[in-house]
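Start from the sequences and build out the full structure, keeping to the hints where you can.
Chains as they are written, first to last, in this note's numbering: chain D, 1 to 283; chain L, 284 to 592.
No lab work stands behind these hints, which were simulated from the structure alone. Please read all numbers here as calculations on a predicted model, not as lab measurements. All the given hints hold, so there is nothing to weed out.
Distance windows between CB atoms, simulated:
(1) Ile-452/L - Pro-50/D: 16 to 22 angstroms
(2) Arg-48/D - Val-574/L: 45 to 51 angstroms
(3) Thr-57/D - Arg-587/L: 53 to 59 angstroms
(4) Arg-497/L - Pro-50/D: 46 to 52 angstroms
(5) Gln-364/L - Val-16/D: 45 to 51 angstroms
(6) Gly-118/D - Leu-378/L: 25 to 31 angstroms
(7) Leu-350/L - Leu-88/D: 42 to 48 angstroms
(8) Phe-92/D - Leu-400/L: 30 to 36 angstroms
(9) Pro-56/D - Val-574/L: 48 to 54 angstroms
(10) Leu-17/D - Ile-452/L: 30 to 36 angstroms
What the simulated footprint calls covered on chain D by chain L, stretch by stretch (three residues with Cβ under 8 angstroms from a Cβ of chain L suffice, anywhere in the stretch; the number is not a length):
(11) 112-126
(12) 156-168
(13) 250-258
Note that CB positions come from ideal geometry on N, CA and C, so glycine has one too.
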Amino acid sequence: MVALVGASAGRRLKRVLTYGAALLVLVVTAFPLYGIILTSIQTEPDIRSPDVAFVPTYIETEHYQRIFDETSGIPVAESMVNSLVVALATAFLTVAIAVPAAYALHRMSVPGRRIILGGFAAIYILPTLLFVLPLFIAVVQLGLYDTYIGLVLPYVAFTLPFMVWIMGSFVRAIPVEVEEMARIDGAGLRQLMFRIIIPLLRPGIFAGLLLGFILAWVEFLTPLLFTSDLSILTVTLGLFRSTMDIAIGQLAAATVITALPVILITAVFQRNISEVVTAGVER
Amino acid sequence: MTTQGQVVEVRASRTRRRGRLVAAAMVAPAVLVVCGVYAYPALSTLAYSVSKIDLSPRFRIEGFVWLKNFINQLTDPHFWQATWITIYFGVMLCLVTVVLSFLIALLLNKTFFGRGLLRVTVLLPWAVPPVASGVLWVQMFHAEFGFLNGLIRAFGGEGGIIWLGGSTIALHSVLITEVWRWIPFATLFILAGLQIVPKSVREAAAIDGAGSWRGFRHVTFPLMLPVVVPVVIFLFVWAMKVFDTIFVLTRGGPTRGTTTLNFLTYRQGFVQFDFGNAAATAYLLSALTVVVIAGLGWMLARSRKLAGT
Chain D
1 MVALVGASAG RRLKRVLTYG AALLVLVVTA FPLYGIILTS IQTEPDIRSP
51 DVAFVPTYIE TEHYQRIFDE TSGIPVAESM VNSLVVALAT AFLTVAIAVP
101 AAYALHRMSV PGRRIILGGF AAIYILPTLL FVLPLFIAVV QLGLYDTYIG
151 LVLPYVAFTL PFMVWIMGSF VRAIPVEVEE MARIDGAGLR QLMFRIIIPL
201 LRPGIFAGLL LGFILAWVEF LTPLLFTSDL SILTVTLGLF RSTMDIAIGQ
251 LAAATVITAL PVILITAVFQ RNISEVVTAG VER
Chain L
284 MTTQGQVVEV RASRTRRRGR LVAAAMVAPA VLVVCGVYAY PALSTLAYSV
334 SKIDLSPRFR IEGFVWLKNF INQLTDPHFW QATWITIYFG VMLCLVTVVL
384 SFLIALLLNK TFFGRGLLRV TVLLPWAVPP VASGVLWVQM FHAEFGFLNG
434 LIRAFGGEGG IIWLGGSTIA LHSVLITEVW RWIPFATLFI LAGLQIVPKS
484 VREAAAIDGA GSWRGFRHVT FPLMLPVVVP VVIFLFVWAM KVFDTIFVLT
534 RGGPTRGTTT LNFLTYRQGF VQFDFGNAAA TAYLLSALTV VVIAGLGWML
584 ARSRKLAGT
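Take a look at the structure:
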């Protein structure tokens with residue numbers, strides 16, 4: 001009897017602990033995000049008050065209006081267009097180069113296949129600055145400083161090894177039998193690629209495009225070093241430039257605006273990936 | 284008969300050769316880009332590291348200086364300060380992130396109401412661009428009206444901590460930011476690993492009289508090592524490269540307290556425009572990273588062997 005009571009009390013204690021821990025994790029991970037949103041909808045005097053409010057009593061949209069205003073010091077709207085152009089170009093270029101490479105590396109006989117795959121993985125261990133010093137010189141000498149190309153080229157290159165690797169995992173998920181059947185039916189390589197492989201790779205290509213877009217959108221070091229003109233400002237660089245000359249509320253609003261597309265895409269991306277994974281498992 | 288067989292064979296080898304050419308052509312763009320943006324620059328940086336370089340009015344390699352740039356670094360106390368900070372930061376990032384992520388993963392591996400919501404929330408910091416996470420943590424850490432001090436005051440504390448003020452505390456503030464950013468990745472990875480450890484194994488251990496802690500220590504943990512070590516490798520590589528967060532939060536200060544080797548390279552290269560010394564530092568950092576990763580790789584191979592038996 002006593003043992004039974006003890007067991008149920010123990011179970012209840014365990015439950016309380018579980019929910020307590022869950023709540024703690026929830027608060028710790030979400031709080032900084034909540035904080036920046038809260039900051040972005042408060043008036044400047046309230047933000048700067050030592051009586052930190054944790055629950056909003058009003059919603060002030062002025063900061064959001066201000067950062068898209070022509071007169072504000074930082075061209076947020078322009079920087080979003082710049083980032084959009086550069087990120088889209090990066091995503092499409094990277095995927096276009098990575099898909100044939102990944103297919104050839106995993107399904108055809110390429111001389112030096114293992115060295116190439118190993119090299120692509122090993123690159124990630126080394127610090128980016130190791131490559132950036134001469135690239136900076138090259139970008140300046142080629143007249144690519146402050147240009148879209150000067151951003152897209154390094155972005156594509158920095159994303160490419162990872163992209164080849166990701167695409168490789170999608171390529172490997174395609175059953176070999178499908179290809180063999182197409183070959184028996186007399187399909188050449190081009191037909192095989194465009195009629196069979198690329199349609200089958202569609203979820204992977206979509207995921208790759210999203211990934212390429214995100215990585216380019218959040219990139220900071222490259223624009224910091226390879227651009228200085230406000231006309232080519234990217235969103236991430238805009239945040240840093242703004243830490244000096246705009247108000248905290250506007251900085252918070254700009255941060256939310258910068259992070260929002262990535263957060264939304266990640267939500268989509270997650271579903272996309274899990275779909276592909278479960279499809280692979282079912283097969 | 285034999286001739287026919289030979290003809291077929293010749294034809295087959297010809298198509299095989301053509302197939303190889305096509306395959307090489309498909310890989311070529313990727314390999315060219317990677318060579319152009321990694322291999323060539325890496326070699327150039329190696330050349331810079333043994334050169335005296337003049338950047339004004341325009342880039343010019345003035346001459347060969349043997350290992351002078353490397354000796355400069357190895358005899359500079361600032362270099363060693365940055366090295367110890369880098370190693371400390373790397374070890375702490377791995378340790379704290381893995382321990383917290385393991386606990387969170389164990390929690391998420393249970394069934395309870397609201398688990399789905401928690402799963403999504405835990406992933407969120409990953410989706411925040413590094414610069415944005417820097418900005419939002421600046422807001423958290425602000426000494427006067429930051430949320431952390433506000434929270435401490437709300438619970439009756441003094442709340443006057445200057446989070447980014449001293450070199451030691453600033454380093455740990457940067458650490459907090461990075462741990463927060465990397466918990467999602469580590470948790471996801473470890474959780475996936477936990478779901479592979481069969482429940483039956485843990486139940487068997489429990490029946491054998493192993494308590495929660497002993498079950499974890501002797502059953503779950505050894506089985507999880509092959510999952511944890513790759514996470515540590517990823518985190519350590521990342522810690523060696525941390526830039527955005529340091530740039531936004533502290534710019535390497537106060538008094539060089541958050542200047543890691545990576546940040547030191549940036550400062551030497553793009554603040555002092557001393558490419559020779561920056562190149563040497565970049566290579567020393569690369570050497571440090573490679574040595575540590577090689578050690579962890581060896582551990583991974585061993586842990587796989589241990590988990591296999």
